[in-house]
Amino acid sequence: MKASHEPNLRFLLPSVVFVAVFSLYPIIESFRLSYYRLILTLPWLGQKFIGWDNYYDLATDPVALQSLLTSMTFVAVTTPVEVLLGLGMALVLNESFRGRGWLRAVVLVPWAIPTVVSSQMWRFLFNDRYGLFNFVLFGDATDRYWAPLAEPGLALMSIMVADIWKSSSFAALIILAGLQVIPSEIYEAASIDGASPSQKFRHITLPLVKPALLLALLFRTIDAFKVFDLVFVMTQGGPADTTNVLQFYGYKKSFAEGMIGYGSTIAVAVFLVSLLLSIVYIRLLGTRLLGKEGGA
Amino acid sequence: MKQRSRMRSFHLKALLAILVFCLIVSEAMAQSQLRFVTWRSEAAGVWEQLIADFETRHPGIQVVREIGPHSSTEFHDLVTQKLRNRDPEMDVFFMDVIWPGEFAAAGWASPLDEFFSAAQQKEFLSAPIEANRYRGRIYGVPLFVDAGMLYFRKDLLAKYRLAPPRTWPELVDQAKLILAQERDPYLTGYSAQFKQYEGLICNMMEFIMSNGASLWDEPNLKSTLDGDQAKQAVRFVRDQIIRAISHRGVLAYQEPESLALFTQGKALFHRNWPYAWEVANDPKQSKIAGQVSMMPLPSFPGHKSVAALGGWQLGVSRFSRNPRLAWQFVEYMTSREAQKQIALATGRGPARAALYHDTEVLAKHPHFSARYETFTLAAPRPRTPVYLPLSNIMQRYFSSAIAIPDSNIDQLAGLATRDMDRVLDLLRGRGAP
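Just so you know, the sequences run in chain order A and B. Once you know that position 86 of the first sequence is 86 in the numbering used here, the rest is easy, because the numbers rise by one and skip nothing. Once you know that position 379 of the second sequence is 675 in the numbering used here, the rest is easy, because the numbers rise by one and skip nothing.
The shape of chain A in the complex, shown without the other chains:
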C-alpha cells in the first residue's frame, strides 16, 4: 500500500510548490500585512504592528461598506441573469442543426476577448453623444440622449450589462458540458411514454443539469465579486463613487495610495467573502454531485 502511494506524492510536488509560491505565500503575506500600518510614501512611519486597527477601520469606513454593498448588488444582479441566459444559450447549442459548430464558436467570442478591450468598446457604445446605444434608442432626438456612464443611477447598470454580455457565454459553456452528459436514452424513453417537450425539460433536463448550473453559479459569483477591469476601464469608480466596487477600492488603496496595510485588509476581506461563498456553494454542490455518484 505504502509503496504505491509514495511516488504519487513525489509527482504532486511541483504543483504543490507552485501553489505554495504563487497562491499560499501571497495569501499569508496579505494576512500578515493586514495587521500593520505600512504606507509606502511615508517611510519614516515604518512598518508598525497595530493589531486589529485596520479591521476596525474597515468595519467603520463608510466608503468600504458602500463599496461592499456595490459589489454585492453587482453579484446579485449579474450572476442569476448570466446563468439563466447561459442556460438558454446552452439549450440552443445542444440541439443539432446546421452551422452549430460555428455558432458554438461565435458564442464564445465575448468571453474570449480580453476584458480591457471589450470594456473600452462598451465605453464607446455608452458614450452620450456618439455612442451606438443612444443612436439605436433615440436616433436623431439628441435632446433625449442618456449619459449612462455619467448618471449615478445608471453607471453600475451599464457595467452590469457589459459583464452580462461578456460572461453569459462562459456560463453557457459549463452548462453545455452538463447537458451533453445526459444520455439520450432517457429522452427517447420519455418520448415513447408521450412526454411533452416542456415535461422533458422539467423532469429530465433540469434535475440532471443542476450540478452544472450550480457550478456555473459558483464560478460566476466569485468572479463577479472580484470584478475589477470593467470598472477600471469604464468608470474608475465614478460617478459619485457609485461603481466603486470593493476590489477596485482595495486596488486604489494599495497601488495608487501606497497604503499597503489597509489595502491588504481589504484584500483579506475580499478573500474571506469569496471563501465563504465557495464553502456555501461547495456544500450545496457537493451533496448533490457526490450524493448522486455515491448512489450509482
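Heads up, a few of these hints could be off.
[Stated by the list, open to error] Rough simulated footprint, nothing fancy, chain B against chain A, three-plus residues with beta-carbon under 8 Å:
id : stretch
1  : 32-44
2  : 230-243
3  : 256-268
Worth flagging that the hints you see were computed from the coordinates, not collected in a lab. Just so you know, even glycine gets a beta-carbon here, dropped at the ideal spot from N, CA and C.
Go by the hints and put chain B onto chain A.
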C-alpha cells in the same frame, strides 16, 4: 545508451554555456544602457532625433525607451511598481507635476541638487520648479508645463456681440443666451473634465481657488473644503455649469471626449490644457479651425483667475546604476535646444522661460506670449507625499456633489474634510512640507 547520456550531458553543458554568455552580455549591456520610461509623445520623431543626438555625443551608450500608458494614473502605477521593487533597470522617468513630493518622501527619486544648481533652476518657470522641490531639495527637472485655459468659439461670441467672459457668472449668462438663440440641440455651453478622476481635481480647484478659497491649508494640515466660499464654488458648478449650460455627459468626460465635443463644433466654451490649441486649429482634426480663441479662465467676481498647473518632469531613479549618466541625459533633454525643438513640434509649453521670447518659437506659435502670463501665475496642486489619498477623497466628494442634482453639499463637504484631516494628521510632527 552510454552515448545518449554523453550527448545529453553535452547538451546540458552547451545550454549552461549559452546561459552564462547571455548573462554576461546582458550585464555588460546594462552597464552601457540607459533605460528611459516615458509615454508616447505626439512628436515621436523629435524625441527619436534628440535621443540619437545624445547617443552620438556619448559613444557606447544606448538609450532604451520604454513606452508606458498615456494616462497619468496608469503611468503612476507602472513607474511606482518599478520603484517599489527597487528596479535598477530604470534610470530616468517621466513624472507628473503632482508626484515629486510623493517620490521624494518615499525615497524613490534622487535629489538633484548637486547637478542642478540654483542658477540653472532660475532659467525655468518658477511654478514648475517649486512643484519639483520637496523639503528644500529638488527632485525633477520640468520638461513642459501645462495650465488650464479657456477656449471659446469666437465666431459665435462675435455673432451675438459678446466680449469674452471675465467671470464665471458672465460665462454662464452668455452660454444661456447663445444656447437659447441658436436652438441647436447638439450644442452645449461648457465642456470640460468632470469625470471622477485626477482631472476633476484640476477643474474643481480652478473654480474653488478663483472664488478665493483653497483645497487645504498646507502649513496647518487642515482641509478647507467646508469653508463657505469653497462650497459656494462647488454649488455653482452643480447648479450653473452642469445643470444650466452643460449636458450630463460631461460628468463622464476626460480630456479627449471633452475636446472632441469642442472640435466637432458642439461646445461653446471649453476648458483644457494648452495642447488643445493645436488640435482645435488643425483642419484635419477639427471642424472649427480658425474660429477658436483662447484666454485665461474666468474667476468669480472680485477674485483672481486661477489655472491649475500641470505638466511633466524628468526624474532620476534612486536605484539607477548610473546616476551621473542619467543626469546627463536629463540635462540634455531639458536643454534649451531640446526644449525648443519639442516646443516647435508639439506646441506644448516649454518649461524654460526664455523660449517664450524666442523669435523662432513665437513665429511658429504666436499665442505663446499670451500663455506666458497664465503659466507664471498657475497654481500647483499642493505638494505632499499623501497627495493621492487626498485626491481620492476629493474626487469622491466633488463627483458626488456635482453628479447628484440634489446633493447635500454641506454634509458631503463635512465628510470629505474629516477624511482629509485624518490623512493629513499622518504628516504631523514632521514640520512643514
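For this session: Hints the structure violates: just list their numbers, smallest first.
Result: The structure conflicts with no hint, since it agrees with every one listed earlier.
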